[in-house]
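Dock chain B against chain A, hints included.
Quick mapping for you: the protein sequence lines, in order, are chains A and B. Positions 1 to 381 (the working numbering) are the ones given, in order, by the first sequence. Positions 1001 to 1206 (the working numbering) are the ones given, in order, by the second sequence.
Source of the hints: derived by calculation from the structure; they are not laboratory data. Misleading hints may appear alongside valid ones.
[As the list claims (entries may be wrong)] Quick list of the computed label-pair ranges, beta carbon to beta carbon: (1) A/Ser235 - B/Asp1194: 42 to 48 Å; (2) B/Leu1104 - A/Arg273: 57 to 63 Å; (3) A/Ile123 - B/Val1087: 57 to 63 Å; (4) A/Gly316 - B/Met1112: 52 to 58 Å; (5) A/Met48 - B/Gln1164: 41 to 47 Å; (6) A/Glu129 - B/Asp1128: 26 to 32 Å; (7) B/Ala1122 - A/Leu234: 50 to 56 Å.
Note that this is a predicted model, so its numbers are computed, not measured. Backbone N, C-alpha and C fix where the C-beta goes; we use that ideal spot for every residue, glycine too.
Given next are the chains, with one letter for each unit.
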Amino acid sequence: MASKLRFIFGAALVALLPWAARAADDSGKWLAVQFPRDSPVLPVSFNMGPTTATMRGASMVLDLHAALVLRNVGDKPICGLTLRVEAQDLSPYGKGSVIKPSLFVLPGEEFPVKVDMQLRRPIAAAKSESAIVQVTVDCALFSDLKAYGPDKLNSKHALMVYEMQARRDRQYLARLLDSGRLPELREELNFGIQDFIPRQLGLELLRGPRATALREQALAVSPVAFPKAPVQPLSGAAQVAGNEVRAPRVEVRNTSKMKVSSVAMGWIVRDDRGTDFVAGAVTAPMQIGPVQTTSITEPGTLRFSLPTGQPMVIEGLMTFVNDVEFADGSLWIPSRADIDAATQDLALRRELATSPEEQRLAKIYRRDGTSGLKKELKRVN
Amino acid sequence: MSANPVRHPSAEILSLYSAGDLPLLLRLRTGRHVRCCAACEQQVLSFRLVKTELRREASSQILTGFEAIADWHALESDMLGNIRVGVAASRCIEKVGHTRKFVLRLAWAAGMAALFMGGWLARIPAEDSQRILTALRKAVGLEQPQFYGTIVRSTPEGIVVRAQGASLTILNPQSAVVSMSGPSSVTARYADDDSGQVTITNVYGQ
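Only chain A is shown next, with the shape it has when bound in the complex (with noise of 0.2 Å):
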């Protein structure tokens, strides 16, 4: 009879094991955050959320949330921030960071970062004394396009192009402002085109053969030019197969007399109902004389899909200068003529000329109205 016992008792435990939740070890330290001293931005507060760790199955699942508060301690103001975040079991191969573009936090103001994370690391995981995710700053851009901070992950570029894009569309507003043009304005922020919603997409970069089945066609890549970047797309193409595109490769010219350091190129995907979608730009790091011409191909396999997970089939691929550096540290982004210039389609010329900063600027005019953007226009201007 005890044998029994033991045996359905036993029994019970394996079957009742996937349900386990919760880990009992909740004592360690998960998530630091480790300023430099000379730091131009400190954290004035750090509070933890509502952080848990969950097992499942041989993984432990922990769900952090983190609520900063951070003061510019530095004597310039801040426009731009990158904080890393790693993770001591993806260390080197995985990492992510927060950026906080279009910031006007001048000397001793204060502002919020949220860092909601979750990492899923086996249970046998080595342990050990630091802190299972740190998060650290990586680059604080300034005002002035100066820079502070390790910039591991190439982060001053990103931020410095965040910042230009932001400083032409605060232009733009202005001047639409200024010069009574609200019907304009109105429809620059959304208001004009009653069906436009943003155009979401997802993503997968993959690497090594393919897993798909279906034969390759190679695609020809079609360029949008702007009539003043100082770097032309010539030609490309690409492998596509469903939705998988393998290697796109773009042909472009220096056609400045400049010579250029980097390019980034923006790549745009028309799936079979002709919808264009902006897939992102990637930087190139390259040495291009002035009227040279090279060649950019994108190690890799991209996978698309639409937001609800059904596979999207590729139609069509377009690409466009997004950002070009020039070898003394100057940056060029398209202007807004440029975009206007580019393409007939209202729609692409809205995710084209679309940035963080207009984003921002479009809640505040819901919100605030005419008044609210003019006074926010000001304050940054």
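Coordinates of chain B only, in the frame set by chain A:
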């Protein structure tokens, strides 16, 4: 150092041992003692003798009783019939009991399996299941190892990077616009409803 005093089995144990009624372990232990202990061996023998004597006595009494039965054949038929009915009934009951036990055990096992599967499906991530399945298939030679995998992927919850058996997801709201930001990085952009500020999360893989 002092020698352990010899502990003899009790009379009841020896009696049961002599009749072969002890449980296996106790029987072996008692047997080992009896083979080495003359006194206990003698005791067991005496129990067996008494038992044999009693049997013999009983047998003789029964035979005496049988002699008194006049219609032996009729009684024999009657008894055999009763025995057959009894045996058939016990077999029938035995089958019913076995079937019920079997069904109960099967139901219990199925319940436990369902509970386990429910727990597995609800709690174990699909990629873990896939990994275990793949490992099993590789172990039995059904699948060749392939160096192919997702480096970074967007999900409704956020952007995920996997490496070294662990994964990191930088969470974002569902309204976030996802795009690629490098050869092995994916980005999500969204405006925070509370602060009105724009946040961009990036996840990098290798």
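Do the hints match the structure? See the list:
The hinted window of 42 to 48 Å between A/Ser235 and B/Asp1194 holds, with their beta carbons roughly 47 Å apart. Taking 57 to 63 Å as the suggested C-beta distance range, the pair B/Leu1104 and A/Arg273 conforms, at roughly 58 Å. A C-beta distance of roughly 59 Å is found between A/Ile123 and B/Val1087, which places it inside the suggested range of 57 to 63 Å. Roughly 54 Å separates the CB atoms of A/Gly316 and B/Met1112, a value that falls within the hinted 52 to 58 Å.
A hinted range of 41 to 47 Å is violated for the C-beta pair A/Met48 and B/Gln1164, which are about 25 Å apart. Between A/Glu129 and B/Asp1128 the beta carbon distance is about 28 Å. The supplied range of 26 to 32 Å therefore holds. Checked against the given bound of 50 to 56 Å, the beta carbons of B/Ala1122 and A/Leu234, roughly 54 Å apart, stay inside it.
In summary, the one numbered hint that this structure violates is 5.
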